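Participant: What follows is the residue order along each chain.
2 protein chains.
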Amino acid sequence: MADPLRIVLVAPRNPLNIGAAARAMSNFGFTQMRLVNPYEVAFKEARSAVHSQYILENAEVFATVGEAVGDCSMVVGTTAGWRRDLQLPLYRLEPAGELLREHLKAEKPAALLFGSEKFGLSNEDMSYCQWLLRIPSREEHGSMNLGQAVAICLYELRRDAAAAAQRLEEMPTASAEDFERITALLLDLLDRSGYLNPSTAESSELKLRRLVRRLGLPASDAVTWLGIFRQILWKIGKTPSA
Amino acid sequence: MADPLRIVLVAPRNPLNIGAAARAMSNFGFTQMRLVNPYEVAFKEARSAVHSQYILENAEVFATVGEAVGDCSMVVGTTAGWRRDLQLPLYRLEPAGELLREHLKAEKPAALLFGSEKFGLSNEDMSYCQWLLRIPSREEHGSMNLGQAVAICLYELRRDAAAAAQRLEEMPTASAEDFERITALLLDLLDRSGYLNPSTAESSELKLRRLVRRLGLPASDAVTWLGIFRQILWKIGKTPSA
Numbered sequence: 224m225a226d227p228l229r230i231v232l233v234a235p236r237n238p239l240n241i242g243a244a245a246r247a248m249s250n251f252g253f254t255q256m257r258l259v260n261p262y263e264v265a266f267k268e269a270r271s272a273v274h275s276q277y278i279l280e281n282a283e284v285f286a287t288v289g290e291a292v293g294d295c296s297m298v299v300g301t302t303a304g305w306r307r308d309l310q311l312p313l314y315r316l317e318p319a320g321e322l323l324r325e326h327l328k329a330e331k332p333a334a335l336l337f338g339s340e341k342f343g344l345s346n347e348d349m350s351y352c353q354w355l356l357r358i359p360s361r362e363e364h365g366s367m368n369l370g371q372a373v374a375i376c377l378y379e380l381r382r383d384a385a386a387a388a389q390r391l392e393e394m395p396t397a398s399a400e401d402f403e404r405i406t407a408l409l410l411d412l413l414d415r416s417g418y419l420n421p422s423t424a425e426s427s428e429l430k431l432r433r434l435v436r437r438l439g440l441p442a443s444d445a446v447t448w449l450g451i452f453r454q455i456l457w458k459i460g461k462t463p464s465a
Numbered sequence: 224m225a226d227p228l229r230i231v232l233v234a235p236r237n238p239l240n241i242g243a244a245a246r247a248m249s250n251f252g253f254t255q256m257r258l259v260n261p262y263e264v265a266f267k268e269a270r271s272a273v274h275s276q277y278i279l280e281n282a283e284v285f286a287t288v289g290e291a292v293g294d295c296s297m298v299v300g301t302t303a304g305w306r307r308d309l310q311l312p313l314y315r316l317e318p319a320g321e322l323l324r325e326h327l328k329a330e331k332p333a334a335l336l337f338g339s340e341k342f343g344l345s346n347e348d349m350s351y352c353q354w355l356l357r358i359p360s361r362e363e364h365g366s367m368n369l370g371q372a373v374a375i376c377l378y379e380l381r382r383d384a385a386a387a388a389q390r391l392e393e394m395p396t397a398s399a400e401d402f403e404r405i406t407a408l409l410l411d412l413l414d415r416s417g418y419l420n421p422s423t424a425e426s427s428e429l430k431l432r433r434l435v436r437r438l439g440l441p442a443s444d445a446v447t448w449l450g451i452f453r454q455i456l457w458k459i460g461k462t463p464s465a
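Sequence order for the protein chains is C and L. All letters in the first sequence, in the order written, are residues 224 to 465 by the numbering used here. All letters in the second sequence, in the order written, are residues 224 to 465 by the numbering used here.
Looking at chain C on its own, in the form it has when it is part of the complex (with noise of 0.2 Å):
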């Protein structure tokens, strides 16, 4: 399927900025690139850089924003301010992410809009927003660089708290058994070093035991840290008792 989400720059005007959207969306999987009257120079720039050519390449470039957003049947606009009689809802950005996935999910197409870095967008781009969002940035310093404003956004939209539960690299960890065998030979170890004390044998066992259980390890680490005990023993086993 075609992908319909329509990443909309107003007016950018620095190259390095195109360029690290676009990278951000190839990143995260988003191809659309459209630039409303972009500093001529800016683009091209940006079109040279070596990142995501074949989203500078594809994008289109409109006069106005209604040109842009004229296919989308949802328009959301982008804003660092906290309230300036927007007359439009605000949101944050985790309520809009959902609000916008779940538009994106039914394939119809939606125009996210960034402005200018300057400026931000004007009161006229907003005119064609049904709704605005807002990074979560403080109030003292809200206004964020436009690269880092888009990946955000794009990070937002294909985060996925569900996927995200298990861990990438599953690490097998070390069975009861491993562990036994560890406090084992600690055990005999502790025993021939003179640490434990034989009257309270038994009690020394059972924290020992839990001490080991404790640890948090990997199955492959269990078998090093046998291997690591076993050679130990083996040199006290060579070392006159004292």
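Hints listed in this document are in silico derivations from the structure and should not be mistaken for laboratory results. Just so it is clear, the structure is predicted and the values come from calculations on it, not from any experiment. Keep in mind that a hint or two might mislead.
Given that identical chains are not distinguished, each listed pair holds provided it fits within a single copy or across any two copies.
Unchecked claim - Here are the computed lysine to any residue pairs in the SDA-like style, where the Cα-Cα straight-line distance is at most 25 Å:
id: 1; residue 1: Lys328; residue 2: Arg315
id: 2; residue 1: Lys458; residue 2: Gln255
id: 3; residue 1: Lys430; residue 2: Pro441
id: 4; residue 1: Lys328; residue 2: Pro318
id: 5; residue 1: Lys331; residue 2: Gly439
id: 6; residue 1: Lys331; residue 2: Ser426
id: 7; residue 1: Lys267; residue 2: Pro238
id: 8; residue 1: Lys328; residue 2: Glu362
id: 9; residue 1: Lys461; residue 2: Glu268
id: 10; residue 1: Lys267; residue 2: Asn237
id: 11; residue 1: Lys341; residue 2: Val264
id: 12; residue 1: Lys430; residue 2: Phe402
id: 13; residue 1: Lys341; residue 2: Asn237
id: 14; residue 1: Lys331; residue 2: Leu434
id: 15; residue 1: Lys328; residue 2: Pro312
id: 16; residue 1: Lys461; residue 2: Pro421
id: 17; residue 1: Lys328; residue 2: Arg361
id: 18; residue 1: Lys341; residue 2: Leu239
id: 19; residue 1: Lys461; residue 2: Leu409
id: 20; residue 1: Lys458; residue 2: Gly304
id: 21; residue 1: Lys461; residue 2: Tyr351
Given chain C, work out where chain L should sit, using these hints.
Facilitator: Chain L in isolation, oriented as in the chain C frame:
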């Protein structure tokens, strides 16, 4: 309380990236930047940037990763790779953010490490980490811009699904009374315009009421629509019937 999170950039090369990382820190309210073995020129240039000056001025420089994370009880590395025998637990950013937030909430110091632009974290850098996190970028283009990666991680740390549930800018919606007044005016208007068929007038009224209720209407807009319809009605009243 002092900010317990240290953002550690290992061997950064590009002053723009150091500046972008500092800006994102300022946006999301983090203050402790540490640099390991930065490219001297890059650090000097970044310091001359206007944004987030205070963060760069207080940034501490270390010769090794070991020294930079010495006071941290949680040390987390970032990686773009999916798997390369990392020998460390690897989490997606979503659950990783949860683990970090928990740790920081207890005001315990933690370090979040980002590698150099070209090579990422080395195996030696990673040997100081307890676990790794990965931003869920595409497998085919996983490598992210350093400034964007920092921004996304900090956004995840500040993410607050609960606080985000409500709209930032509440728009009081139209009341049932508003809807009823609009419906009545419209009925009158359509009647006088000859839109309504007298024989089906009753079912038309129901249809019209439902049509109006389906409008997503902020309270202030309801007033505007009432004014518009009244004006049209007035104009029609002055028109001689055909």
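Participant: For this structure, which hints from the list above don't hold up?
Facilitator: 2, 6, 9, 20, 21
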